[in-house]
Amino acid sequence: MSSRNRGGSGRIHSGEDPGAAGNRFLHGGNVKLLEANLSILGRRFPEIARRVLAADPEPYIRFSSSKNGLQIVYETFGEREYPLHSTIDPSREARRLLQTAGNSGFTVVYGLGAAWHLEEFLNLNDREVLLIIDGPGRLRSFLSGRDYRKILEHPRFKMLLDPGPEELTDHLVHNYLPGLHGGFSFICLPALSIRRRERYEQLKRAADLALNQIRNDFSVQAHFGLLWSRNCIANLAYLQDFPAASDYLSLFEKSIKKAILVGAGPSLREDRELLLRTAADSMLIAVDTALPFLQQLDLKPDLVVSIDSQYYTLLHAMQPGSLDIPWAVTLSAPPALLRSLKKPFVFAGGIPLELALARKTGLPIMDTGGGNVLQAALSLALSAGMEELTVFGVDYSQPGGIPYAPATYVDRWFRLRETRTSPFLAQSLGFTFEGRRGQEIPEYNRLYPCPRLDRYRDNMAAYLKTCSGKLKIHGVSAPLLATGSTPSSGAQALQVLPTEETPKPSVLLREISEELRNNAPGTVQLLYPLISFLRKQRESSVAVTGEIIEEARSLFLKFVSLYAGE
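The sequence shown maps to residues 1 to 566 in UniProt numbering.
Check the hints yourself; a few may be wrong.
[To be verified] Here are the simulated SDA-like cross-link-like pairs (lysine to any residue), alpha carbons at most 20 Å apart as the crow flies:
id, residue 1, residue 2
1, 258, 240
2, 465, 390
3, 536, 352
4, 158, 211
5, 257, 279
6, 258, 388
7, 158, 187
8, 342, 314
9, 536, 553
10, 536, 518
11, 158, 180
12, 204, 215
13, 67, 249
14, 504, 269
15, 472, 282
16, 504, 388
17, 536, 103
18, 204, 175
19, 360, 175
20, 342, 326
21, 158, 204
22, 158, 137
23, 558, 300
24, 536, 220
25, 504, 257
26, 150, 133
27, 300, 319
28, 342, 279
29, 257, 284
30, 150, 160
31, 158, 44
32, 536, 215
Keep in mind that the hints were calculated from the coordinates and are not lab data.
Generate coordinates for the entire structure from the input sequences, incorporating the hints supplied.
Take a look at the structure:
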């Protein structure tokens, strides 16, 4: 069935365009039309309205009529005047643009004109439209020539005026949600793609940059969404049994503001002697993957940091004594791990459900925005007041085709299965060439980066620019990250949100369940990881109407019933 909305009050009907009688040069324009349009623009986009009121109208924009009597716009570029629409049938041209966009639920449109294309897009159910227009004077001339009120007031219509590439990228990252919207499209009025080609290509590059980031985030949400939600709900029942944040901070009181952080890069093999020499007078913090390597050296970390929700995380803790060490984990950690640890310090990561529970319980917040555990460990150390940090095992490149340090469980996994005809390096090819199969390697330099590791390294580099303190980094990526000391904007203190009294888990889950049933504000954000998971299962680009949201809500409530006895 077509997703077109064939009737009802939501459909935009142009009818006869006010003020469309004959050709009109808009030096001053139709004041009544301008006031009518600005009344809506000022309510929905007040900053844009202020800029339009302060601007002079663009004198080289003219409204006229097509051969079938529909209103169209001409604009002067250089010494010639060009139509922004088909001069024969602009509505047919608009339908062709709609076909170009396909089933995408989020469309960026460059160019306003007489807005026939916008009407076609907004007449679809669940289609989000973001209009980009250049120049407040141009926009003023458009608003003085046609009644755009039904478009401007449409709840699925948004607008950016004169956005730079960074502004557009940031807007898309925060507003385009593949789990909800499905596919993405970028549409331009044909005349502008030719006459403003440089600007069009600039905007297209900014959109592509945003899409790369959004797709990475969506793939993570879609892969882990079910696990995150289920683990959070299962772990919440035991939340009152976990040590408090004040106990966590007491771990750092015995240190001398010096800490060693240990990642799991294979460069640990070469740096083990240096690590042994420097570990004596510092607090030792390890990521979960590096724990077996340290235990092989008879080094016991003061703290282990884990942000993984997958059950194979338990394989990091298989050595004797692993469960006795203090661990900092997120609420979405595997319940089996959390219940096995003798001293788990539980944090809220960046998952919407974790953050919602942090607001209700005062759960401390761990910075997991970089997506990799070493950055989260560095953030925790800085937030606890560490002033001098030495970091080992920072590779992000699989030197020599080896993905992890010796003794880590992945390393052991491959070595236990090694045979004469299937050596270790052949076993680890899946890690080594992740994201690079089919690509040519222009120069062999013993490094095997992949898109995931590149993102981790770039996120770490960006994070280091926001921190202060002395920092030494050891590993293959050290030249790309280390500066001797990081810029002095200061590290945020450990975030613990205030709460009067932590309610019982059953009460918390009942509150959240009621909010979901009543579709309270923030419901979609809370369910978004589950929505992304379900979207991926369907492998569909069709925009969400509400069915997938209801399915996610039902699944969440089922988890509550299963794990909390609701």
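A quick look at each hint next to the structure:
1. 258 <-> 240: Distance ~31 Å between residue 258 and residue 240 Cα, so the pair is violated.
2. 465 <-> 390: 16 Å, holds
3. 536 <-> 352: 19 Å, holds
4. 158 <-> 211: 18 Å, holds
5. 257 <-> 279: Satisfied, since the Cα-Cα distance of roughly 13 Å is no more than 20 Å.
6. 258 <-> 388: At roughly 5 Å apart (the allowed maximum being 20 Å), residue 388 and residue 258 satisfy the hint.
7. 158 <-> 187: 15 Å, holds
8. 342 <-> 314: Distance of about 14 Å is within 20 Å: holds.
9. 536 <-> 553: 16 Å, holds
10. 536 <-> 518: 26 Å, violated
11. 158 <-> 180: 17 Å, holds
12. 204 <-> 215: Given that 20 Å is the threshold and the Cα spacing comes to 16 Å, the pair holds.
13. 67 <-> 249: Since the Cα atoms of residue 67 and residue 249 sit roughly 75 Å apart, the hinted pair is violated (cutoff 20 Å).
14. 504 <-> 269: It is violated: about 47 Å lies between the C-alpha atoms, which goes past 20 Å.
15. 472 <-> 282: 13 Å, holds
16. 504 <-> 388: Violated, because 39 Å separates the two Cα atoms, which is more than 20 Å.
17. 536 <-> 103: 16 Å, holds
18. 204 <-> 175: Cα-Cα ~17 Å, so holds.
19. 360 <-> 175: 26 Å, violated
20. 342 <-> 326: 7 Å, holds
21. 158 <-> 204: 18 Å, holds
22. 158 <-> 137: 19 Å, holds
23. 558 <-> 300: Outside the cut-off at roughly 41 Å; violated.
24. 536 <-> 220: 11 Å, holds
25. 504 <-> 257: 36 Å, violated
26. 150 <-> 133: Holds, because 18 Å separates the two Cα atoms, which is no more than 20 Å.
27. 300 <-> 319: 12 Å, holds
28. 342 <-> 279: Outside the cut-off at roughly 24 Å; violated.
29. 257 <-> 284: 11 Å, holds
30. 150 <-> 160: It holds: about 18 Å lies between the C-alpha atoms, which stays within 20 Å.
31. 158 <-> 44: At roughly 9 Å apart (the allowed maximum being 20 Å), residue 44 and residue 158 satisfy the hint.
32. 536 <-> 215: With a Cα-Cα distance of about 12 Å, the restraint between residue 536 and residue 215 holds, given a limit of 20 Å.
Consistency with the previously given hints fails for numbers 1, 10, 13, 14, 16, 19, 23, 25 and 28, ordered from lowest to highest.
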